[in-house]
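Colleague: For reference, the chains in residue letters:
There are 2 protein chains.
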Amino acid sequence: MAWVGIFGLSEPGEERDMREEEFIVTPWKVEGKVDYNKLVEKFGTEIISDELLERLIRDAGESSHLLRRRIFFSHRDLDKVLDDWEAGRGFFLYTGRGPSGPMHIGHIIPFYFTKWLQDRFKVNTYIQLTDDEKYLEEGRGLTLEETRKWAKENALDIAAVGFDPDRTFIFQDTEYIRNMYPLALKVARKINFSWVRAVFGFDAQTNIGMSFYPAIQIIPSLFEKRRCLIPCAIDQDPYWRIQRDISESLGFHKAAAIHSKFLPPLMGPTGKMSASDPESAIYLHEGKEDIRRKIWKAYSGGQPTLELHRKLGGNPEIDVAYQWLFYFFEPDDGKLGKIEEDYRSGKLLTGELKLILTEKVLKFLEEHQSRREEARELINLYMYDGELAREMWKKIHE
Amino acid sequence: MAWVGIFGLSEPGEERDMREEEFIVTPWKVEGKVDYNKLVEKFGTEIISDELLERLIRDAGESSHLLRRRIFFSHRDLDKVLDDWEAGRGFFLYTGRGPSGPMHIGHIIPFYFTKWLQDRFKVNTYIQLTDDEKYLEEGRGLTLEETRKWAKENALDIAAVGFDPDRTFIFQDTEYIRNMYPLALKVARKINFSWVRAVFGFDAQTNIGMSFYPAIQIIPSLFEKRRCLIPCAIDQDPYWRIQRDISESLGFHKAAAIHSKFLPPLMGPTGKMSASDPESAIYLHEGKEDIRRKIWKAYSGGQPTLELHRKLGGNPEIDVAYQWLFYFFEPDDGKLGKIEEDYRSGKLLTGELKLILTEKVLKFLEEHQSRREEARELINLYMYDGELAREMWKKIHE
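Those protein sequences? They're chains A and B, same order as listed.
Each step along the first sequence adds one to the number in our numbering, with nothing skipped, and position 97 is 259.
Each step along the second sequence adds one to the number in our numbering, with nothing skipped, and position 56 is 218.
Heads up, a few of these hints could be off.
No copy labels: a pair is met if it fits in one copy or bridges any two.
Stated by the list, open to error - 25 Å max Cα-Cα, derived SDA-like pairs, lysine to any residue:
1) K473 / A249
2) K314 / I558
3) K416 / G194
4) K497 / E308
5) K473 / L304
6) K204 / T467
7) K522 / I558
8) K195 / G413
9) K387 / S226
10) K277 / E451
11) K204 / T520
12) K311 / M554
13) K387 / E337
14) K311 / L412
15) K416 / E307
16) K556 / Y546
17) K459 / W555
18) K352 / L304
19) K456 / H559
20) K352 / Q531
21) K387 / G513
22) K556 / E308
23) K497 / L511
24) K522 / E502
25) K311 / E560
In case anyone wonders, no lab produced these hints; they're calculated from the structure.
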């Protein structure tokens, strides 16, 4: 996939002037200040209603701040997924990662949410590592050997999230292709160049591997004859629009999706996202000093002087440290509310707010890195030897 | 492949008026009276010179009527293949079949020539069954299950030709894809839509599988780091033009090719070739009565009445029975010369000429069908268990 996580950062940003109200969201690029309401309208997805949110939380048996705070805010057919689950027909989860380099916090959050869904609903979970796509992507300049290596590296970070080893199958396209190819042909037969040109902006210069690739990303949504729920950043939605147009004619369900917003880059909510700027993200492997420094330099909603801050207060809406706490790092609504109040009132200083986030991020990454080491033992279960993995290696999808 | 054999028949003919001097040759269509000199010029291949022919026959240690009579008439880099062979660097053979239905005589002749090359040079031979492509091909209307089934059926006919089981690997794309996919990605990365549009006439309505497919057909020419010689009908040449433009940048040799003409359909040298007309070809599984009837009805170069024939003689140039003897069924030049002479003089009647061919075809197919039955025991060696096959299943091409 051009699986980017809820942090649009990793995509090479094309230089381009944009007016403030403009924004671009494609599977390969997120630029400008995203208007999520406009995006929902443009993509034809639905905002998760209060009723649907309550129903999801009720069925899950527990709430999640990623839902309550509308980080996962949009969907397709989530109601049908719950219909199926309530009626005992079940469903399955599918998400993925484009292994183009090391993963950062924005990349991993959707996996933690996916694990939360798996834990609550006890469902099979398929995680695709698109080493083929990241090699084929124009302008990225990675060798296939590199994307295959990153697939193995990223798999460890994903394994560190703690999925159920017998209900989770992590696979990379270049290894699992023989099992997917027959069905990918059937999908590809239904998609012409004109369509991928319109949906993804491909043109006559696009290489033929890239034009074919959407067929590969669609396949895992057809791994079972049940409804598939795809937790993903909203930029992935174009793939599911195609999937939904062709899946029923092949005897499968239309994919359902639950879409997240993008975590703002450290440089600020209007800053340009770019892989060429490692300062704009915190990577999962980073050391304590780099983490402290990056957060310290992050875009702030505070006032230019201490006096003004005490007097006017900070603006959490545009403050990256606050936004990161809101998006992921402070799940407790009470604590977050207090932080917001104190920041707005000027009682909490920018530096103090940044230190709160820093402690949270350090703790999270310390634990993540330790689980990543333990995951070296587990990775074979996810990819080859676990109960679901063994079943999947025997299955030819067609 | 749009592997069609030296009989262009199997491609769905688009209805279209053509002036007599017009002809069309693409991997999916052969129409009109082909001017082979023009084709060589258009494709940029070379006519096999007398010197090169002698050298090939000398290296082979034996002549072949398919060479002497210029059925295989054109080439790319055949001289370099012989350089390599003479210097002990060796080479390998690659050909294929698009499994869209039962095979006819036009399809199988190139395989007999390929076997002749293998016998003479003792080289590895790779035979690709393109079940993917025949499914993806627009307008053919075959299911993937059908093309996969035809791949197995056609493999038996190919095995009946008698290749060396330890030097031959017959494979179908949907089964062998995992081993080919990494290299196919590297090839696909170098080909854009604009290029396949120009070479194959694809357009925006072409499905994305078909646009990607040329990358798959190129891979077997890169199976070894030696020069690959591809015996094939000249309509396949567009694939090798692309192969030759990209192979060296990937660290492989440019493919060499030896191209055949098309065996004329039974309805006559200017007749329209069409898969929808089973009367224009003789299938390998056909019974004696059908064979007799079809040859009896074949286009003749004889005169309308016995008297006129005795007086004016027949015209072997346009006589399908004579042409089939010339192309394949009468390897003895002396005997063929006598037949031609007698036919031109009016001594040999059309019916007599047809009976000569009928006996040859009946004998050939009886033997072929018997070897096909025996091949049921051998097919596993070619596809999975033979020396070369075992080696190939272990190898990931990248």
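Colleague: Hint by hint, say whether it matches the structure.
Modeller: Here is how each hint holds up against the structure:
1. K473 / A249: neither (56 Å within a copy, 88 Å between copies)
2. K314 / I558: Classified as both; 23 Å inside a copy, 17 Å across copies.
3. K416 / G194: Intra 31 Å, inter 47 Å, cutoff 25 Å: neither.
4. K497 / E308: neither (43 Å within a copy, 63 Å between copies)
5. K473 / L304: The answer is neither: 51 Å in one copy and 75 Å across copies each exceed 25 Å.
6. K204 / T467: Result: close neither inside a copy nor across copies, 41 Å intra and 76 Å inter.
7. K522 / I558: Neither, since 44 Å and 45 Å both go past 25 Å.
8. K195 / G413: Neither: 39 Å inside a chain and 45 Å across chains, both beyond 25 Å.
9. K387 / S226: neither (28 Å within a copy, 56 Å between copies)
10. K277 / E451: neither (29 Å within a copy, 68 Å between copies)
11. K204 / T520: neither (36 Å within a copy, 68 Å between copies)
12. K311 / M554: both (22 Å within a copy, 24 Å between copies)
13. K387 / E337: both (23 Å within a copy, 23 Å between copies)
14. K311 / L412: between (34 Å within a copy, 20 Å between copies)
15. K416 / E307: between (34 Å within a copy, 23 Å between copies)
16. K556 / Y546: Classified as both; 11 Å inside a copy, 18 Å across copies.
17. K459 / W555: For K459 and W555, the Cα distance exceeds 25 Å both inside one copy (47 Å) and across copies (54 Å).
18. K352 / L304: Between. Shortest inter-copy distance 14 Å satisfies the 25 Å Cα cut-off; intra-copy 30 Å does not.
19. K456 / H559: neither (45 Å within a copy, 43 Å between copies)
20. K352 / Q531: Neither: 43 Å inside a chain and 38 Å across chains, both beyond 25 Å.
21. K387 / G513: neither (52 Å within a copy, 61 Å between copies)
22. K556 / E308: between (28 Å within a copy, 22 Å between copies)
23. K497 / L511: Intra 16 Å, inter 104 Å, cutoff 25 Å: intra-copy only.
24. K522 / E502: Classified as within; 16 Å inside a copy, 93 Å across copies.
25. K311 / E560: between (28 Å within a copy, 14 Å between copies)
The earlier numbered hints that this structure contradicts are 1, 3, 4, 5, 6, 7, 8, 9, 10, 11, 17, 19, 20 and 21.
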